[in-house]
Amino acid sequence: MQLSQSFGQFLREQGVPSHSLDQAAHGMVVLGGRLGTQLLRSGAVEPERLEELLAEFLGVDRPPADWLEAPDPAAVACLSQSLMALHGALPLRLERGELHVIMRDPNEGVRVEALARACHKRVVPYVVSEVRLAFLQERWLGVPPPGCVEGLRALMEEEAKPVARQEPEPSRDLEALGLAQLPPEAELSDDASFLRGMAAASIRRPSGVSEGTPSPAGRARLPRLPGAERTPRERDDPAALLSRAEEQLGAASDHDGMVRAALAIAGTLADGACLFALHEDRLLASRSVFRGVQRDLSSLSVPLAETGCLAEIVAGGRMANGVVGDSAAEVRLFQSLGFDTGARIRGLPVLQDGRVSSLFVAVYEGSAPGPVAEAALDAVAASIGRTYERMIAAHQLRFRGET
Numbered sequence: 000m001q002l003s004q005s006f007g008q009f010l011r012e013q014g015v016p017s018h019s020l021d022q023a024a025h026g027m028v029v030l031g032g033r034l035g036t037q038l039l040r041s042g043a044v045e046p047e048r049l050e051e052l053l054a055e056f057l058g059v060d061r062p063p064a065d066w067l068e069a070p071d072p073a074a075v076a077c078l079s080q081s082l083m084a085l086h087g088a089l090p091l092r093l094e095r096g097e098l099h100v101i102m103r104d105p106n107e108g109v110r111v112e113a114l115a116r117a118c119h120k121r122v123v124p125y126v127v128s129e130v131r132l133a134f135l136q137e138r139w140l141g142v143p144p145p146g147c148v149e150g151l152r153a154l155m156e157e158e159a160k161p162v163a164r165q166e167p168e169p170s171r172d173l174e175a176l177g178l179a180q181l182p183p184e185a186e187l188s189d190d191a192s193f194l195r196g197m198a199a200a201s202i203r204r205p206s207g208v209s210e211g212t213p214s215p216a217g218r219a220r221l222p223r224l225p226g227a228e229r230t231p232r233e234r235d236d237p238a239a240l241l242s243r244a245e246e247q248l249g250a251a252s253d254h255d256g257m258v259r260a261a262l263a264i265a266g267t268l269a270d271g272a273c274l275f276a277l278h279e280d281r282l283l284a285s286r287s288v289f290r291g292v293q294r295d296l297s298s299l300s301v302p303l304a305e306t307g308c309l310a311e312i313v314a315g316g317r318m319a320n321g322v323v324g325d326s327a328a329e330v331r332l333f334q335s336l337g338f339d340t341g342a343r344i345r346g347l348p349v350l351q352d353g354r355v356s357s358l359f360v361a362v363y364e365g366s367a368p369g370p371v372a373e374a375a376l377d378a379v380a381a382s383i384g385r386t387y388e389r390m391i392a393a394h395q396l397r398f399r400g401e402t
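Mapping the sequence shown onto numbering that gives the first Met the number 0, position 285 (from 1) lands on 284, and the numbers just tick up by one.
Don't take each hint at face value.
As the list claims (entries may be wrong) - The calculated label-pair distances, taken between Cβ atoms and stated as ranges, are:
1) GLU68 to GLU112: 26 to 34 angstroms
2) ARG389 to GLU97: 22 to 30 angstroms
3) GLU97 to GLU246: 44 to 52 angstroms
4) ALA113 to GLU246: 42 to 50 angstroms
Source of the hints: derived by calculation from the structure; they are not laboratory data.
Keep in mind it's a predicted model, so treat the numbers as computed, not measured.
Here a beta-carbon is modelled for each residue, glycine too, at the ideal position from N, C-alpha and C.
Please take these sequences and the hints and turn them into a complete structure.
So, in structure tokens, the structure goes:
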């Protein structure tokens, strides 16, 4: 179904304040997730009201409340878990050859038709918020919720433990290494200035940087994965690297696309990289790349004060080089990413409102990066700030109906 206006425009007409929509645009870019998710985070709307507005805007019914309390196992069995994850869906009832399904995008006929073909039944779609769907899928399917809904669990009416399931590999790694998981009630952004300050992103460079000496002896080196080979750092042309970074980041239309593009570029310049958010003196991992392979790390949380080199970068508000091994927590952190003591770090802070809000960190297993790779990584970090600005402005214009 083709909509004549954006959801942001519709919400503005329904009385949601402009400043709340502008703030939500920042959250969508920095934290990911949809407009409604960020409005819930800021308290601009309540969960029940959000779903009423979604139903009115899309012209799709909300499901009966008792269906959400206990989905029919026969209905859930009609679709594979991978298909439900792909299309953001959860079957609730199977009645007279019709499968009643809550969906993240119930107005998209292509998705509804894909589900109907898979189950050989007529699919009747219903709408719920992104946040409610995430926690229902966790409860009934054992699917971990995405990082963009962290801190919003208490807002939802559905409060239950997730079904027993095998933890994903990153979670097992972190538990074994003694790293904390992000508590369900923790907010990724409860500071309004963090969301308002994205337009001033910049990178400050120090007059000098400290260099460490690697200690590779005794380190276990994993075999390089097929297809993960990267261009030798010193043979890349700086202008070409910058152009490639700007092109790929410029094509990103949302938070996840931006992070993936930035890490893809970093993966050609270093053995690994990670994007961290800074929240209440803790580092929260968003996503990482290791030897060409990316993985989600949205549940990783570690106290900033215990991270040695990274803490110094945040305190100084400027780029710095270092070596993993300054602290036990830092060693455990980078071990969870695939690196061990002696790996070299190049940390680049991103500043908003004059303070560090995130860290872009490249990691090297062997030799130190040369000037070409360093300049390219600096350019990627600066491009992240510009990409934030572009995407935030685009969201705000669309919410005002100016695009």
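Going down the list of hints, with the structure as the test:
As the Cβ distance of GLU68 to GLU112 is approximately 28 angstroms, the hint placing it in 26 to 34 angstroms holds. Range check, ARG389 to GLU97: Cβ separation about 44 angstroms, and the 22 to 30 angstroms hint is violated. Restraint check, GLU97 to GLU246: a C-beta distance of roughly 46 angstroms satisfies the suggested window 44 to 52 angstroms. Separation of ALA113 from GLU246 is about 31 angstroms and departs from the stated range, judged on CB atoms against 42 to 50 angstroms.
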